[in-house]
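Here the protein sequences line up with chains X and Y, keeping their order.
Residue 110 is where the first sequence starts when you use the numbering used here, and the numbers rise one by one after that.
Residue 6 is where the second sequence starts when you use the numbering used here, and the numbers rise one by one after that.
Watch out, some of these pointers could steer you wrong.
As the list claims (entries may be wrong) - Derived pair list, reagent style BS3-like, types lysine-lysine, alpha-carbon separation capped at 30 Å: (1) K213/X with K62/Y; (2) K223/X with K182/X; (3) K74/Y with K205/X; (4) K76/Y with K23/Y; (5) K74/Y with K213/X; (6) K76/Y with K205/X; (7) K62/Y with K205/X; (8) K76/Y with K213/X.
Simulated from the structure, these hints should not be mistaken for laboratory data.
Note that the coordinates shown come from a computational prediction; the quantities given were computed from them, not determined experimentally.
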Amino acid sequence: AQTVTQSQPEMSVQEAETVTLSCTYDTSESNYYLFWYKQPPSRQMILVIRQEAYKQQNATENRFSVNFQKAAKSFSLKISDSQLGDTAMYFCAFMKPPTSGTYKYIFGTGTRLKVLA
Amino acid sequence: EAQVTQNPRYLITVTGKKLTVTCSQNMNHEYMSWYRQDPGLGLRQIYYSMNVEVTDKGDVPEGYKVSRKEKRNFPLILESPSPNQTSLYFCASSLRQGGNTIYFGEGSWLTVV
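Okay, chain X solo, but in the shape it has when bound (with noise of 0.2 Å):
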């Protein structure tokens, strides 16, 4: 079965500055989805960024990037410049393309991340 970890329950970072959220999944699968979901205060849940397994180059979103290493099975998220309103808590996300009618997506227990002004 797949497994996600996030092995950093809170974290903190000074404005400006930049932080590594890091998050670790199990699979045998070769083909399958990594997501980043952030949660805000309000509790909905935004996607950042999202990284297909079979593409070698890593994800880009501003000032958001991923670390993706799939023969380490690790997919950590890089915020640059941090600001404020990145407080939130951040989730790591594993989805497997359907077979078999199975579709399913599988989260982390969550970083949270407070911005320090």
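Given the structure of chain X, go ahead and fit chain Y onto it with the hints provided.
Coordinates of chain Y only, in the frame set by chain X:
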């Protein structure tokens, strides 16, 4: 505007009183699902639906029911709520094709006393 709408957003109810949390999406998505979020446990899937009249259990289905009579709606039913079902609930939807982003509703805070 593409969205997933849940109602109610906040509810306090008593043990044993049946309740339904509605979920509707306007994106013609085939796949819909329900999650509950609890501290330290992340999001856990309750039920999901691949299409109309096709539903299946997720990781924590006990105490819940769902139905998918129409593509856009996927209500979550608690026949006899108990305090351990106090949680934050999210409905989500996506296109069926692999790798598509899931869109979440705004969440429903449910307290069972």
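Tested hints:
Simply put, K213/X and K62/Y have alpha-carbon atoms about 11 Å apart, close enough for the 30 Å limit, and the pair holds. At roughly 26 Å between alpha-carbon atoms, K223/X and K182/X fall within 30 Å of each other, so this suggested pair holds. Taking the CA atoms of K74/Y and K205/X, the gap is about 26 Å. The hint holds against a cut of 30 Å. Proposed proximity of K76/Y and K23/Y is supported: the alpha carbons are some 24 Å apart, at most 30 Å.
A hinted pair counts as satisfied when its Cα atoms are at most 30 Å apart, and K74/Y with K213/X qualifies at roughly 21 Å. Note on K76/Y and K205/X: the hinted pairing holds, with a Cα-Cα distance of about 23 Å set against a maximum of 30 Å. With a C-alpha separation of about 17 Å, the suggested pairing of K62/Y with K205/X holds against the 30 Å cut-off. Under the criterion of a C-alpha separation no larger than 30 Å, the hint pairing K76/Y with K213/X is consistent with the structure, at around 18 Å.
Every hint, counting from the list given before, is met by this structure.
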